[in-house]
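With the hints as a guide, dock the two chains, each given alone in a separate frame, to form the complex.
Protein chains in written order, with the numbering used here: chain V, 1 to 88; chain G, 1 to 397.
Please keep in mind that the hints were generated in silico from the structure rather than gathered at the bench.
Positions of the beta carbon are idealized from the N, C-alpha and C atoms, including for glycine.
Be aware that one or more of the hints could be misleading.
[Said to hold, decoys possible] Chain G residues, not near chain V, derived (Cβ > 10 Å throughout):
hint, residue
1, Q17
2, T93
3, S110
4, R160
5, L194
6, E253
7, E386
8, K390
[Claimed, not checked] Covered by chain G, per the in silico footprint, the following chain V stretches (three or more residues, Cβ under 8 Å):
hint, region
9, 12–23
10, 35–49
If you want the building blocks of each chain, they are given just below.
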Amino acid sequence: MEKIIVEICTGTACFVMGSGKLLSIEESLPANIRDYVEVQPVLCCGLCRDWTNSKPPVVSVAGKMIAGADEEKIIKAVMAALEGGNLC
Amino acid sequence: MSYFIEVDYSQYFKDGQSIGGDVFLLSRGEERDRIICTLSDGLGSGVKANVLANLTAHMAQKYAASSIDMVKSAEIIMNTLPVCRERKISYSTFTILRMENLKEDKVRTSIVEYDNPGFLLLRGGAYVHPEKQRQELKRPGAFKDENLFHTELELEAGDRIVFFTDGITQAGLGTKPLPLGWREGNVKEYILDLVENRPDISAYELASAVTAKARALDIYKAKDDITCASVYIRKPRRLIVSTGPPIDESRDERLVAAIRDFDGRKVIAGGTTAQIYSRIEGKKLQVSLSDFDGDLPPCAAMAGIDLVSEGMLTLNRIAEHLETRISLHELPHNSAGRFLKLLLESDRVRFLVGTKINDAHQDPSIPFEIGIRRSIIGRIIKALEENYLKETELEFI
Ligand code: FES
Chain V
1 MEKIIVEICT GTACFVMGSG KLLSIEESLP ANIRDYVEVQ PVLCCGLCRD
51 WTNSKPPVVS VAGKMIAGAD EEKIIKAVMA ALEGGNLC
Chain G
1 MSYFIEVDYS QYFKDGQSIG GDVFLLSRGE ERDRIICTLS DGLGSGVKAN
51 VLANLTAHMA QKYAASSIDM VKSAEIIMNT LPVCRERKIS YSTFTILRME
101 NLKEDKVRTS IVEYDNPGFL LLRGGAYVHP EKQRQELKRP GAFKDENLFH
151 TELELEAGDR IVFFTDGITQ AGLGTKPLPL GWREGNVKEY ILDLVENRPD
201 ISAYELASAV TAKARALDIY KAKDDITCAS VYIRKPRRLI VSTGPPIDES
251 RDERLVAAIR DFDGRKVIAG GTTAQIYSRI EGKKLQVSLS DFDGDLPPCA
301 AMAGIDLVSE GMLTLNRIAE HLETRISLHE LPHNSAGRFL KLLLESDRVR
351 FLVGTKINDA HQDPSIPFEI GIRRSIIGRI IKALEENYLK ETELEFI
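This is chain G alone, in the form it adopts within the complex (with noise of 0.2 Å):
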C-alpha cells in the first residue's frame, strides 16, 4: 500500500509588506518516495527577513537532501547563518520535516525543529505528543539558550502534522479579547474543531483556514507574517473516467468491467458510454436538469456512477478550466463543476478513452470545431499533472 502525502501551506504576509520574512519551501524526490519540507521565519520582516529566512530553508531543504544527520545539518545552518550587527544574533527559525519510505505502510519521518512553535501531531481526532529529542546548540556569542528538537516518527493513513510561525500564536496580540495573542493552546483547539467538522479536510484547506483565522484575529491587518503548513497522510483517492465507446462491440464488456470493477470514484462522460453501460448492467439512465444552467449539456444519474456526462462539450470546457488553473472554490455550477471537483478531488486520475468515432460528430455542417477525444483528454492530462501534480493513466479501449 502506497500512501497518498498532502503537504501544504498557507501564508499571509506582514500588512504592507510585499515580500515575507516566513519562507515555505516543498521538494519531492523524482520517485515520489521522499518528501522534504521546510517553513522558516526570518529575524524581522521584510526584505532582510527574507534573505535570512530563504537562506535557512534552502540550506534546510539540501541537507536534509543529503545523507548527512538531521541535527547535523540544523547545527551547520546556525553556523552559516549571517548574524545580525545590532543584536549579535543570527537568528532564523525553522522547522524541517523529511518522509521516506513511502511506499511502505508506514511513513518514516524526520523533524528537526529551531524556535518555531512546536508541530503538532493529529492522529484518530486527538494529539499525540511524540518523544522530542533535546539538543542543546552551544554557539559563540548566542544570546540565549538554543535548542533543537528532533523527532522520529512513524505516520500512517490518517494521520496529519500541522506546523506553524509565532504569526499564528501571537494572533491577535493586544488586542482586548486576546491581549496575550491566540496561543498554542487555542490553536490546537481550533484545529481539532476543524478536523471533528470535517474529518476529510485538505492540508491546504486546513492550513488555509488556520491562517484566515489568524489575519481575522489581527483584525485583517496581519501584524508579522502568518504561515501554517499542513501535511496529511492518506489512502490515494483514485477516479475513472470512461468516455467514449471502445473501437467495436465486442468490447463493450471488457469496458463495462472497468467501471465496475475499479476500486474508487466513477465518471462516465458521454451519452453513448453510459448507455452502453446501462446496457449491460441493467441500470436505469435518467437525465437530470438539477444542474443544469444552459451552458453545457446536462448529467444523468445512474446507479453506481458518481457523475454521469455528456462527452466532447463538457470535457473540452474541463480541459479551459483546468488549463486556467481553476480552483475548487471557483467551480461553475453545472456538470463540468461536478465533474472538475471529482477531478480535483482525486490524487490519481485513470482515463478510459474509447476510439470509436462517433459520425454525429464528423458531419461538416456542425457549426463548431470539436477536437478529437484523444486530444482534449491529451490537454486535461497535462493540466492535471501540471497544474495540479496529479497523477494520471491513459488507456485507449
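Bound-form chain V, shown alone (with noise of 0.2 Å):
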C-alpha cells in the first residue's frame, strides 16, 4: 500500500507561521493510520507570496494544498486521503 506524502513546506514564511512545529506530525497521529504516513519537508515553492489564497503554512496532503495548514486540517486531509484509497 502507498503511503500518503504529508509535505511540509520549510521556507521561511511557513517556519515563522508555524510549519517547524507541524514536522513532527506523525506523532500526532493516530497509531492506527501512522504506518500510512510519510512526512516530507519540502522547500518554498512560491505559494505563501500569495496570502489570499495559500496562507503559509503551505502543506500538501497527497498532492493536495493545503493553506493555512495546523494539526486538525492535516488530520483530516489525511483521513480523508485513506478513505478515498478504501484503506479502512
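Right under this line is the structure:
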C-alpha cells in the first residue's frame, strides 16, 4: 500500500507561521494510521506569496494543497485520503 | 600566492594570581604584510613580573617593527630593563618572531630568543632544526652567561612554529610521575602527536591543547605562568555565501557560475537561491532533518554545496551569534551551528547577495520584524571582521 505523502514547507514564511511544529505531526496521528503516512519537508514552492489563497504554512497531503495548515486540517486531509484509497 | 598566517596563544596564570608574568603581544602590519609577536616571561610572578615582561614585550614589538637589526634590538632591550635589587639581574626572557613578505610564496622569518625554551619548527609532520646563530651578550654584572639566539627562516605552507615559556616544560615538576617536569622532549612528542592526529589543527587549538595538558600535569593548579604560542602557515581557506536571488532572472546563470566556479567551500542561504542553482545545474535538492532542532528551518542537501540553509531567519541568528563572539566550541546543533562552523573555519568569506525583493517578506501581516538582507549581511560582515579578524568581500547581484 502506498503511503500518503504529507509535504510540509520549511521555507521562511511557512516556518515563521508554524510549519516547524507540523514536522512532528506523525506523533500526533492516531496509531492505526501512522504507518501509512510519510512526512516530507520541502522548500518554498512560492505559494506563500499569495496570502489570500495560500496563506502559510502551506502543506500538501497526497498532492492536495492546504493553506494556513494546522494539525487538525492535516489529520482531516490524511483521513480523507486514506478513505479515498479504501484503506479503512 | 599569498598565505594565511594564523598566530595565536593560550595562557594560564600561576594559581592564585590574577595577573601574569608571561606576556604575549601580537601586531600585524596594516597591509597584512608583516606580523610581529613577542612572548616574554618576567622574573618571578605577579605584578613585578608582569611589569618586566610587559616592558620587554612592548619594546620588542617596537624594535622589531623598526629597521634596527633584531639582535641589536634585543641587546638594547636587555640593557634597558630595570635591575632586580636582590638578585642584581634584569631579567625577562623573550622570543621575538617577525614574519615578512607575506605576499610571496615564502614567508621570511626572523626569530630572536633569549632564555625561553627554544622554538619548535614543524614541517611535513616532523621537526626541523634550523641553524641558530649564537650571540653572547656581555653585560656588566650579569650573573651568568647570556646568550641570544638568532634564526633566519623561510617558511612555507603547512609549517608550524610553536614556542612557550618554561611553565610548559616544567609543568608537573616535583609530582610523582614527573619529578623533573614535563620537559622539552615530552612536550615535543605531545605536539607531534597532536598534529599527527589532527593535521589541520588551528594555531589556537594547538596552543590551548598544550597549555591545558601542562595545567593538568600541575594537577590543575599551575605552579608558574603557563603560556604557549603557535604559528600556522597555510593556504587561505575560502568560503562563498550566496544569499538571495539576483535582481532579475537574466542574471541567474551568472550567479550559478559564480558559485560553481568558486575555489573553496560553498554555502547557499535561501530556498529560492538554492532552487535556482538546483534547476540550472540539474542537481537534486533535498531537505534534511538531521540537524533540525525546531528552532530554525532545516538545512537541505545538494551535491557540490557544503551547506544549503534557509535565508533570513538563519542569517539573522548567525549575526546575533557572531556579535556575541560565539566560539567554535559553543556552536548550537542546528543549521546555524553548521553555518557558523564554516564561517569560523574560513579566512576569507565572499558574500554574493541577491537584490531581488522577496515578496513573501513584504507582507505586513508576517508577525516579526525581518531585517532586509543587506543589513543582516552588513552585520555579519562587521562582526566577522571586527570580532574574528576575517577578510570579507561583498558583491551584489
Ligand atoms: S515559504 Fe512555504 S510556500 Fe513559501
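L194(G) and chain V, when compared Cβ to Cβ, separated by more than 10 Å: holds, 40 Å
Taking 10 Å as the cut and beta carbons as the points, is E253(G) off the interface with chain V? Check passes; 20 Å lies beyond 10 Å.
Whether chain G covers the region 35–49 of chain V (at least 3 residues having a Cβ closer than 8 Å to its Cβ atoms): holds (count 7)
Would the non-interface assignment of S110(G) survive a Cβ cutoff of 10 Å against chain V? holds, 53 Å
May I ask you to check that T93(G) keeps its beta-carbon over 10 Å from the closest beta-carbon of chain V? Nearest chain V Cβ is 57 Å from T93(G), so the label holds.
Outside-interface status for Q17(G) - nearest CB in chain V farther than 10 Å: Q17(G) clear of chain V: closest Cβ-Cβ about 49 Å, beyond 10 Å.
Would you check chain G against the region 12–23 of chain V, counting CB to CB pairs closer than 8 Å, and say if three or more residues qualify? It holds, with 8 qualifying residues against the three required.
So E386(G) supposedly isn't at the interface. Is its beta-carbon more than 10 Å from every beta-carbon in chain V? Nearest chain V Cβ is 28 Å from E386(G), so the label holds.
Distance rule for R160(G), whose beta carbon must clear each one in chain V by more than 10 Å: holds, 43 Å
If I take the minimum Cβ distance from K390(G) to any residue of chain V, is it greater than 10 Å? Per Cβ check, K390(G) is outside 10 Å of chain V; nearest 26 Å; holds.
Of the numbered hints listed earlier, not one is contradicted by the structure.
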